[in-house]
Structures are given as structure tokens and as C-alpha cells.
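Student: Residue-level listing of the chains:
2 protein chains.
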Amino acid sequence: MTRLTLSEAHQLSASILRHAGFSEAFVQAIAATVVAGERDGCTSHGLWRLLGIVRTLKSGKAVADAEPLVSEPAPALVRVDARGGFSQLAFAAGLPLLAEKARSNGIAAMAINHCVHFSALWVEMEALTELGLVAMACNPTQAYVAPAGGSRPLFGTNPIAFGWPRAGAQPFVFDFATSAVARGEIELHRRSGQPLPPGWGVDRHGQPCSDAAEVLDQGAMLTFGGHKGSALSAMIELIAGPLIGDLTSLESAVFDEGHNALPYHGELIIALDPQRFLGEQADQHLARAELLFETIQGQGARLPSQRRYTARANSLANGVEIADSLYQDLMALRG
Amino acid sequence: MTRLTLSEAHQLSASILRHAGFSEAFVQAIAATVVAGERDGCTSHGLWRLLGIVRTLKSGKAVADAEPLVSEPAPALVRVDARGGFSQLAFAAGLPLLAEKARSNGIAAMAINHCVHFSALWVEMEALTELGLVAMACNPTQAYVAPAGGSRPLFGTNPIAFGWPRAGAQPFVFDFATSAVARGEIELHRRSGQPLPPGWGVDRHGQPCSDAAEVLDQGAMLTFGGHKGSALSAMIELIAGPLIGDLTSLESAVFDEGHNALPYHGELIIALDPQRFLGEQADQHLARAELLFETIQGQGARLPSQRRYTARANSLANGVEIADSLYQDLMALRG
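One line per chain: the protein sequences are A and B, in this order. Be aware that the first sequence starts at 13, since it is given in the working numbering, and climbs by one per residue. Be aware that the second sequence starts at 13, since it is given in the working numbering, and climbs by one per residue.
Hints may contain errors.
Stretch-level coverage of chain B by chain A, calculated; a stretch enters the list once three of its residues show a Cβ under 8 Å from a Cβ in chain A [unchecked claim]:
hint, region
1, 279–286
2, 290–300
3, 309–315
Take a look, some chain B residues computed to stay more than 10 Å from chain A by CB distance [to be verified]:
hint, residue
4, 55
5, 71
6, 139
7, 179
8, 197
9, 206
10, 228
11, 230
12, 269
13, 323
14, 346
The set of hints was computed from the structure by calculation and includes no laboratory data. No residue lacks a Cβ here, since even glycine has one placed at the ideal position from N, Cα and C.
Make the full structure from the sequences, and use the hints.
Tutor: Written as C-alpha cells, this is what we have:
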């Protein structure tokens, strides 16, 4: 393993992105996200992700210097056209207006369109909770997952995220894929030859299937939580697809043309201002939310974000460790 | 079994509610909901529900003639104080303003406060989709469900619902509890002595438990979908509890004082206007949503609402059938 300070990890990421040809705005925005992923122990959204980001740019499926275009289709709506760039810059471009609209109207929504995405939604939830707002976000990805009762890939791994601001504490944040597991987990089972646990996938006939190769090549992954998870995944396709004038996961897969690039689609973010809902009673009611968190933890249960915050504290103190092979691959991309 | 036309079912429901002492506005609103439940094959929200509704009123836990009070805390927010009445009248009172605000702002939210609730959210989703709006709703209930990793009741069965309007077709609507199953299902297993399937409940130590009595009396129910379902259920507690200045499921259980009344709490509804998101391109993008539905059904999978619409068509043609014993109980309540 190779140990890096967070600053070293950022410098390495920035130099890779710069060498790949990204504009300096993207260099900083993308580097911040992948370092946050590595720092928080989300290795699938960490430095490893730089390999896919560079591959996506080289395959012509991302615009290296896109300048996001912010517009206001309605008093409580923000639209950001990412113009083919990665989502991070589009989110940053729209964030101030989204926050302003949430504060003035009580609730507001932001559609990010035409972006390349790698679904690190928790980073965005933290940006909104830092402003004192409650937030939700979701997006389609690329079609890997069958609807409950189906047999063919249609839905993406479709993440959904939520953030709740806490005075004097790290926010309550969750961010999970609506697929039963990440696609990478099934790839690992294919390589090791291990059977899949029940509920992960189906074969081409829609029957439960424990053969990873069959699920990946002929059948489909499944959502978490049976027909309920499937319904949620369909909702995400709709509200972060057609509702915002952007692609479904199936359409995004067609757009990819077999390049295995990071997916191109849209994202919906909703922000709510507790101060506008509650007025002068806000403090009193937000204190009741704290009681809910205490009662969860008092049972020995974890808050969803707790594992990430523990990893973060450790990384801030000790830096991060990545596999030597990944470090060599990254150094080679630095040019 | 006793067969009733929908009109007879409505008249029977109305006479029971009138005899119990509800104002005529509540008589009509509650009767419409329970008949819709029976008609759609959702027997748990059907005529049977009248027994609990009358019991709740008699126990002093509902106000028979409450007049909902509508206010506007912010340009995109509606608040309806149900003043201790059932949620149906509060929803109807706020609906026109919610729709107006969604249309003028693109997105709007409605908080219903201080209501007695029986969680037939799909009825509300249909009312909003009929107006061409996309809608979501959720509410806490009473504490029966442990958070993932916990052992004690904290969350309610916390339903979440979604509606998507379709031109020339019945809307895409789902409405499900975030508990693994309804509490009634576990009661049935207690009565029959059958072991619970895995994932339904835990014992007092938070260990998986197949003993229905232990789950109901000492342990807790579980959410669907493991830690993901648990995270969603926590979100519902927060956004339809403290965010709107209303009770969590645990607080609602305390309020009940052991009366086993229908739960008293709040509800959050969000409405989004596709026309404001999409402008002149709305038709084109909504057509892509239709393609998604076709692709789901083309795989032999069902749309979430399909079973309900089939039951509805049958009930409209043939009426509904209820158990003779329930019919006798209902006739006795008619006074």
C-alpha cells in the first residue's frame, strides 16, 4: 500500500486531470470529489475513479472545458445545462441559486442536464446541509437492473441521497444505490467463481440466478427490497429523466455506444428550508430530530453516515492508503 | 360474503360515520376513501377501516367536526392545520392551493399538521396526477419498527407514495409501507402459530426472530430492504415530522396513551409541475416516460398500480364483496 496525505492525494489527482486536458475549473472540482471519496472510505468513488474519468474523456464522452449554463425556468426551479461536462461543476454553478430559491420559496428544485456523472451524491448533500437546508437528490445511471418481475436491464443502479443539517454535529446523510449491490460486487463474484447470494440477479428468463456471468451477460441485476425498491428505482428514472428533459438509464446506455464511459444523463436535487417551514419554532423542532438520532444510536444502531465520518477523521489524521498497483497506474496517468 | 355496489358501500359508510357523530364534510371525505380502498382491493384501507375510525373518535382521539385551517408560510409552501380531524378533509382543503403553487413555482410542498391518519396515500397521488402534477407523499405512523441494527420500536410503518400523470392512461402510482410487512401480517402469524419469514422482525436483543409474539411484544418489526429501507424510514420521520413541526412515530405512540387509535401526526406532500420543468418540450419528454412503462410491461413485469386498477375495474362492474361477519359488525355501527 502507498500512503498519501490528503493534500498529496489532491495534487496527484489534479495533475492527472490537468494532464488529461480538463480545464482548471474541472481539475479542482473533480479532484475535490475523488479525494473526498477516498478520504471517506468510499473507494469506489475515490482515486480509483480517475481511471474511468480519464477514459471517459479520451473516448470523447465528456467535454473537458464545458462551462455550465444556469437558467431559471420557474420561480422555484433552477436548471443547469452541464453541456457535456462532469456534474461537479454544474452542481457548483447552480448551488447558490438553488439555496436562494429554497430560502425564498421554502422548497426549490435543481435539474442538472447533459452531464457526465459518477454519483457521489453525498458530497452534494453535505454542501446543502452546510447551508442549513434539507436536501434530496437522485439520478439514473446506465441500464443494468431489471424491474421486479422482469428479466432485462432497464433501470440504472439509480442512487438516492438525503441530507439533514444538524447544529454542532455532522449532518445526517445517506446515499445508496437502489440496486441490491454495486455492479462491481457481482464482477468480483464472477472473477472468484463464487455463487451470488439470493436477490442480486436474475437469468435471461427472469428467474433467480446465482451465476454472476449469467446475470452480467444474459440476465440482469435486481433492485434492493424487491418490488418496493423497484418502484423507487422507476421513480428515479422518471423524476431525474423525463421530468427534467434528460435520459433514462436505458437511453444513457445507448448513448454510451459501448465505450464503457461514465454515464451521461441528468440529476434532480430538491432543497427544503426548515426555517421557512417552521419559522420561530425551528430550533424547538430541530431539537426533536436530535432526539430521534439519539434514540437510534441509543439502541446500538448506526446513523447512515457514521462509518464515513469515522473514515474521514482517520484520513484527516493519517492520510489515505491506496494499493501500490493503483498508485503506479495513477502515476503513469500524470504524464 | 356479502356483495355491495359501490353506491351501497358508500351509503353504508356514510351512515356509520354520520351516526358516530362526524360532520357531513368528514362523512363524505372518509367514506370516499374507505370505499376507494375496498374498490381497489386494498382491504386494509377498505370498509374494515371504519371500525378503527369509529373507535378512534369514541376514544377522544379525533375531532368530529374539525375545520382545517389553510395558511401559506412561504411562496411554495402550504400548511394545513387539520385541528385534530382526519387527514382527508385537510388534504382536500389544501389541494387547490398546492396545485396553484406547484404550477406557479414549478415545485411546491404541503404540510398537513395535527391530523388523524390512515395512510391511504395513493388516493392523494391520484388527485394530484389528475391535475397533471407529479407528486410524492409520506408520513410517520406509530412506533413499531426498529432501525437497522437496533432492537426497539422507533419508526412507524412509514408509507411513501409517488404519482406520475399519464395522458390517456391511469397514472403510475405506488404507495408502500417502509416496514417489511404490515403489522397485521405479523398478527396473523401470531394467531396461526406460524414462524415469521426472515427479515420481518427482531427480538428484544435485536437478533433475527421468527416468533411473532416475541416480535410484537418484546422486540420490533423491521423495515424492508435492510439498512437502505431503514435510512428511508428515518428520512420520513424527519421530513414528515420535525421538518413540518409535527410528531415522530415514537411521539405519536406516546400521544395515543394506549388507546390503539388511528395515529395522530403530520404528512408531507410535494408536487412538481412537468410543464414548468419542460415548457414546450413537455409532450416529447412525457412520451419517453411512456416508453419506460412499455419496456417494463414488455418484460412481463407489472407497473406498481396495475393490480389496483384491475381490482377497480372489477369492482366498478360487479361491486365489492365483504365477509358476512364484517358486514354484521358494520350494520351494528349504523345505529
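Student: Against this structure, judge whether each hint is valid.
Tutor: Outcome of the hint check:
no.: 1; hint: 279–286; in the structure: holds (count 4)
no.: 2; hint: 290–300; in the structure: holds (count 6)
no.: 3; hint: 309–315; in the structure: holds (count 4)
no.: 4; hint: 55; in the structure: holds (19 Å)
no.: 5; hint: 71; in the structure: holds (25 Å)
no.: 6; hint: 139; in the structure: holds (18 Å)
no.: 7; hint: 179; in the structure: holds (13 Å)
no.: 8; hint: 197; in the structure: holds (14 Å)
no.: 9; hint: 206; in the structure: holds (20 Å)
no.: 10; hint: 228; in the structure: holds (18 Å)
no.: 11; hint: 230; in the structure: holds (14 Å)
no.: 12; hint: 269; in the structure: holds (19 Å)
no.: 13; hint: 323; in the structure: holds (17 Å)
no.: 14; hint: 346; in the structure: holds (37 Å)
The structure is consistent with each of the numbered hints, conforming to all of them.
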